[in-house]
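Novice: Here are the chains, one letter per residue:
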Amino acid sequence: MISWFTTASEAGEFNHWVFTWMHRPALWEWALMALLAVVLPVFFVKNLQRLSSVRWRAILLALRLLFLLGLILLWLRPAVQLQKVLYKKSDLPVLVDGSRSMSMGEPGGRTRAEQAADFFRENDSAFKRLSKHYNLHAFFFDADARGAALDDLKAPGRADGEFTALGHALSESVRPFREGDVSGVILVSDGVENPPDAPLAGFEETVQHFKKRGIPVFAFGAGSESGVRDLSVQDVRYDGFAFVHNKTTVEARVASRGYPERKVQVNLERDGRIVAAKDIVIGANGEATASFSFTPDKVGRYVYTVSVPPSPDDAIEANNQKPFIVDVIRDKIRVLHVCGHPDYDEQFLRRHLKNNPNVDLISFFILRTVTDLQLVRENELSLIPFPTDELFDKQLHTFDLVIFQNFTYRGYQMSQYLPNIRRYVLEGGAFLVVGGDNSFQLGGYDNTPIEDILPFRLAAADPAADAAPFRMRVTEEGLRHPVLRVRPGPEANRAAWETAPELFGLNLGLTPHPEALVLAEHPNLRIGGLPAPVLAVRNVGKGRVFASAADSTWIWHMRDVEQGGDGERYRVFWNNVIRWLIRDPELKHLVVRADRDEVRPGGEMKLDIRVTDEDFQPRAGAELAVRLYKEGQPAPLLERRTTADADGGALVSLPVPDMEGMLRVDVEETGGGAEPLRDTLRLFAASGTGELAEVRTDFDRLRHLAKETGGEFFTLPHTLESLPLPERPMARVGRKRDVPIWDSWPMMAFLVLPIVLEWWFRKRKRLN
Amino acid sequence: MPKRISRRDFLRLSLGGGAVLAASWPAGAWAFGKASLFEMPSLVYEGAWDRRKNASSRLAWELMKRTSVEAKLEHGAVRLSDPDLFRTPFLYMTGDRDFPPWSEPDRARLARFLVYGGFLFIDGNLEGGDGFDRSVRREMDSLFPGERLETLDADHTLFKSFYLLDGRWGRVQRKSYVEGIVRDDRTPVVYSQNDVGGAWMRDGFGNWLLPAVPGGESQREMAFRFGINLVMYSLCTNYKSDQVHIPFILKRRRR
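Protein sequence lines correspond, in order, to chains H and D.
Taking our numbering as reference, the numbering of the first sequence is continuous, increasing by one, and the terminal residue is 775.
Taking our numbering as reference, the numbering of the second sequence is continuous, increasing by one, and the terminal residue is 246.
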């Protein structure tokens, strides 16, 4: 048949034909055809009623209808479509879990990986049968899917993957194939999911995707749901930092698999030395939590380990311990806050300090002076003595920060302690003075050791203060200083201060000390030709001093709250003041951070380095040397050189040496002068036990996967006799050609013949 | 009840005891203007908000006389919609009868004010019935859903912020307790039903306007002490609960 329509040169090129129409009528054409098909037969019938012979009436009507049909065919232009049809087998990915959990030994002496290999070997003929109908694509997978030959699956894989990303591997296995070409997926796994941190397709996301695409997953569970005996530290909950000499708590979740209820000793170790130990009782196949409290005695970064002693039949010893890093930092910031009299500024600053968990606050509010009348007994008042000797002599060195807020020393026999405060600052202490009617020269501090350390020089002024509201103007130096950095980005920060609520009340008679840096000043008032200072800082000896000539910063908080905020400007400002005063390490000029505390041997660590100048502005172009050490070793394992970009930042990737233990990264600014900037970071290299943390299989996950996608779940060993896979070889039209038949002689004859016959019959039989 | 003071005690307190904490140097003239002074404006609402009009001023005068707090002697009044609401973190609300519900925007403003640092003292004079009490509880329920006015126990900082007190003092002694909304470590709302402000009021000649019953003048003195404690609590919050104060306060309470 095909040969009727093909030329000699096309012989064998087409293997299929279909009838088709070359003209696709529009709606109006269909309507017209329908109308003719109704009207014309009626007309024919009526026209033929003149004939007396019913037989001839029927014959002539049939000839006319035949003519009408021929006309319609001519309109639709019938044709034969010659096709070259290609037949293709559909795809069937076969995935085998290659993660470390597959190396787990099972009762019977076979590992899960060996069970998987047995399955492919024992079902070799079944897979050969499958390969006649499907293209089988073999993969091993862990965090990713890697192509393999089908025969490779008959031998146990390496089972050394540190992660298992089932969802991601399934997605990757079908990705190369066209939509609809995949008949299903065969998956052999223990079902244990342990994805890496990287953003990969999630398991449930993949399940829903397969369900939508109609790809059934036939899952074969390797391993057993019970039988393995193992004790493991599943999880450790801890804070990344602890205060030295302060109690801190660590909680470890320990799991027991395959054992009956038993008592287990859990140890907390630092540098191989047991810091604390706890006995816990774990039920059969259960879990229990051991809680440790310990008090770090030294500042630094330490590796702690929670461990449980292994039993002789423990399946995996590697998961019997879990290391973690704790930064032991200085004790809480100890702050002495002395207030001249209660007012809102003192109330809000005290609340701010009190709400800071890192602050150990000692407050003294002067609630009464001798000018205040009290004719009551002492035991009717809650007032306490002001222990000046204790605070400003014996205990002064124990404070990280001393705050005088609108406080005068006069009246408390404190003159002899003022030199102590000066010495305290020179030796590294932090001192904060907030203005008011008892501050600066109004508090009698002019010509005292306190004036020596203030950022202001004090002089009598008349008036002593200005009460008019004003919006403080932040200096250029102030905008660059970390104290006034209340919004991210210079422009946002500048805008934040330009729109800050107005303050009211300012101490006058203050001029900046030559060593001071004025951060903010009055927009209009001038003292000695210079703008009246509002905020200023000064480095004094080893210590730092901050002074505010205003006593109304609390209004920043309440006005912000009024506008729907939560007082962020006030909170960040005072946090910055305190952090700068106590030399918070976070305010260093060179800071190196890593993307994670724990790195994998043989992996990679990513470092983020930031460099700023004395004014905390980005130091673009700074030359940096990055050195990686094994902790305790003097020689670096490797060194990299880099240059800070326009933002003072540099991103550096370093290979992690193939070893476990503490690593140290030193970053140094080279060519930075006599005292180059430096920063140090400590990291812990560990291969981790993520894959081996849990010995149990997760067949429920595989069951869920199979059920949701329309597949089936089986446990190994399994004889693959029939797999309910849809056998659907895919047919696809490769080439096609339409051959018209409407313009042929037979078609013309078919059209003309009824008319000729009617004419001939009428003539011959005299049918009129 | 306060004990009578002897001449010896007077001299000791004036000359010796004052050195315990008090400064011997008077504070300088107040140069920072009135904006920095403590103020206790009355809360204006649709109702009998102004029946204790000069009570704040009388308390402020006692506050200046007895403590180191620098206060305005003339106090204004604010509405919840007033921009100055957030300029004066202490609000004084009085009343003696029920009042219509506040609008939702007003409630939202007051809730923000109180949550983020403001303080509200509600002073009820319930001699005319409990309509004011019902209205106050309705508004508190709206301001702090799920939280209730609760009785402040004797250990609350309010009762030791300056004087050592219990909580029942006012012009009348209708209730033997004071209530409050307690949120974490702060009590932003304190509610008394004992007409505390009524005990503070004087006329232009210095005469007490209303009698303190049943305790007379000693009861009035305790009402002032309670008012001073309120101000001290609003300014120092839980200062008197700091560890450094506890042994002293316990010792004095035992006496």
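Please keep in mind that the hints were generated in silico from the structure rather than gathered at the bench.
All C-beta atoms in this analysis are idealised placements derived from N, C-alpha and C, irrespective of residue type, glycine included.
The reader is advised that the hints may include incorrect statements.
[Said to hold, decoys possible] Only part of the chain H face toward chain D is listed, based on derived beta-carbon distances under 7 angstroms:
# : residue
1 : P349
2 : S389
3 : D444
4 : A468
5 : A472
6 : L644
[What the hints assert, rightly or not] Chain H is nowhere near these chain D residues, computed Cβ spacing over 12 angstroms in every case:
#  : residue
7  : F23
8  : A26
9  : A39
10 : E61
11 : R88
12 : D89
13 : R100
14 : T148
15 : F150
16 : Y168
17 : D175
Novice: Please go over all the hints and tell whether each is borne out by the structure.
Specialist: Hints, one by one, checked against the model:
1. P349: holds (4 angstroms)
2. S389: holds (4 angstroms)
3. D444: Nearest chain D Cβ about 5 angstroms off; hint holds.
4. A468: violated (9 angstroms)
5. A472: holds (4 angstroms)
6. L644: violated (50 angstroms)
7. F23: violated (4 angstroms)
8. A26: The claim is violated: D/A26 sits with its nearest Cβ about 4 angstroms from chain H, within 12 angstroms.
9. A39: holds (27 angstroms)
10. E61: Its Cβ does come within 12 angstroms of chain H, the nearest being 6 angstroms, so this is violated.
11. R88: holds (30 angstroms)
12. D89: Label holds. Min Cβ-Cβ 29 angstroms, cutoff 12 angstroms.
13. R100: Incorrect as stated: the minimum Cβ-Cβ distance to chain H is 8 angstroms, not above 12 angstroms.
14. T148: Nearest chain H Cβ is 9 angstroms from D/T148, so the label is violated.
15. F150: Nearest chain H Cβ is 9 angstroms from D/F150, so the label is violated.
16. Y168: holds (20 angstroms)
17. D175: The assertion about D/D175 is violated, with a minimum of 9 angstroms to chain H.
Consistency note: the structure conflicts with the earlier hints numbered 4, 6, 7, 8, 10, 13, 14, 15, 17.
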